[in-house]
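Work out the full structure: start from the sequences and follow the hints.
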Amino acid sequence: MTTPHPEKRHLASRTAGEVAAGAPLVLLVPVGSCEQHGPHLPLDTDTRIAVAVAERVAARRAGVVVAPAVSYGSSGEHQGFAGTLSIGTAALRTVLVELGRSAFPDPEPHAFASLVFVNGHGGNHEALGDAVDVLVGEGRPVSAWWPSIAGGDAHAGRTETSLLLALDADAVGPERPVGATEPLGALLGSLRSGGVAAVASNGVLGDATGASAEEGDALLAALIEDLAARLPGT
1 MTTPHPEKRH LASRTAGEVA AGAPLVLLVP VGSCEQHGPH LPLDTDTRIA
51 VAVAERVAAR RAGVVVAPAV SYGSSGEHQG FAGTLSIGTA ALRTVLVELG
101 RSAFPDPEPH AFASLVFVNG HGGNHEALGD AVDVLVGEGR PVSAWWPSIA
151 GGDAHAGRTE TSLLLALDAD AVGPERPVGA TEPLGALLGS LRSGGVAAVA
201 SNGVLGDATG ASAEEGDALL AALIEDLAAR LPGT
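Following my numbering from start to finish, the sequence shown increments by one per residue and tops out at 234.
Everything labelled a hint here was simulated from the structure, so no lab data went into it.
For clarity, every value in this text was computed on a predicted model and none was experimentally measured.
No false leads were slipped in.
Between beta-carbon pairs, the in silico distance windows are:
#, residue 1, residue 2, range
1, ALA12, GLY185, 36 to 42 Å
2, ALA229, ALA198, 33 to 39 Å
3, ARG230, GLY152, 17 to 23 Å
4, ARG60, VAL178, 34 to 40 Å
5, PRO183, ALA222, 18 to 24 Å
6, THR15, GLY210, 43 to 49 Å
7, ALA228, GLY17, 24 to 30 Å
8, SER190, VAL19, 44 to 50 Å
9, LEU188, GLU98, 26 to 32 Å
10, ARG60, ALA198, 40 to 46 Å
Backbone N, C-alpha and C define an ideal beta-carbon position, used for all residues, glycine too.
This is the structure we're talking about:
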């Protein structure tokens with residue numbers, strides 16, 4: 001298969017005929033959020049990271065396309081901060097299930113060989129897991145991937161700040177805030193009862209001190225390798 005023009009790696013930039021001609025394609029669907037990320041990172045941080053990983057994997061492998069991102073997620077734990085927009089677990093689950101069904105309608109043929117949800121937000125895990133279970137149970141080739149970074153902090157700390165510095169340094173504010181640095185397990189009770197604001201008034205779960213674009217580049221490369229290795233057919 002001929003490697004498409006870079007813009008054609010985005011599903012939405014193709015015509016229906018181009019999608020059909022390239023079939024069957026591996027479809028990557030980034031899933032993010034619109035939620036606070038401390039005083040220094042943009043609300044769409046999770047979406048940016050998911051899209052960036054998906055785009056770079058598609059750039060490396062023919063026959064892989066990136067769908068428009070699902071930019072709202074389950075972010076109720078951040079609801080006390082300005083700008084957070086959450087659709088909740090149930091609504092997100094429904095959206096993901098219906099997207100999967102639409103990608104693999106009955107009867108065949110399908111334009112897609114498989115679909116992988118590329119997740120950027122931890123709060124989406126329950127909805128993703130449930131949606132994949134439903135879709136796989138219906139016989140549809142759907143899976144989900146999310147970042148796994150050894151030693152990474154939970155939210156808006158050094159890990160995400162480094163990734164954003166690598167992706168778009170101009171989007172990162174000058175602050176390098178320190179938030180709640182206790183292990184996530186020790187914070188879960190308070191998080192469940194009062195959200196992130198109950199444990200970190202600045203919205204940060206971690207410590208952004210020392211974040212750098214160089215570290216972000218290394219983290220991004222590891223995430224790209226991990227997703228690429230997990231794609232169906234690899």
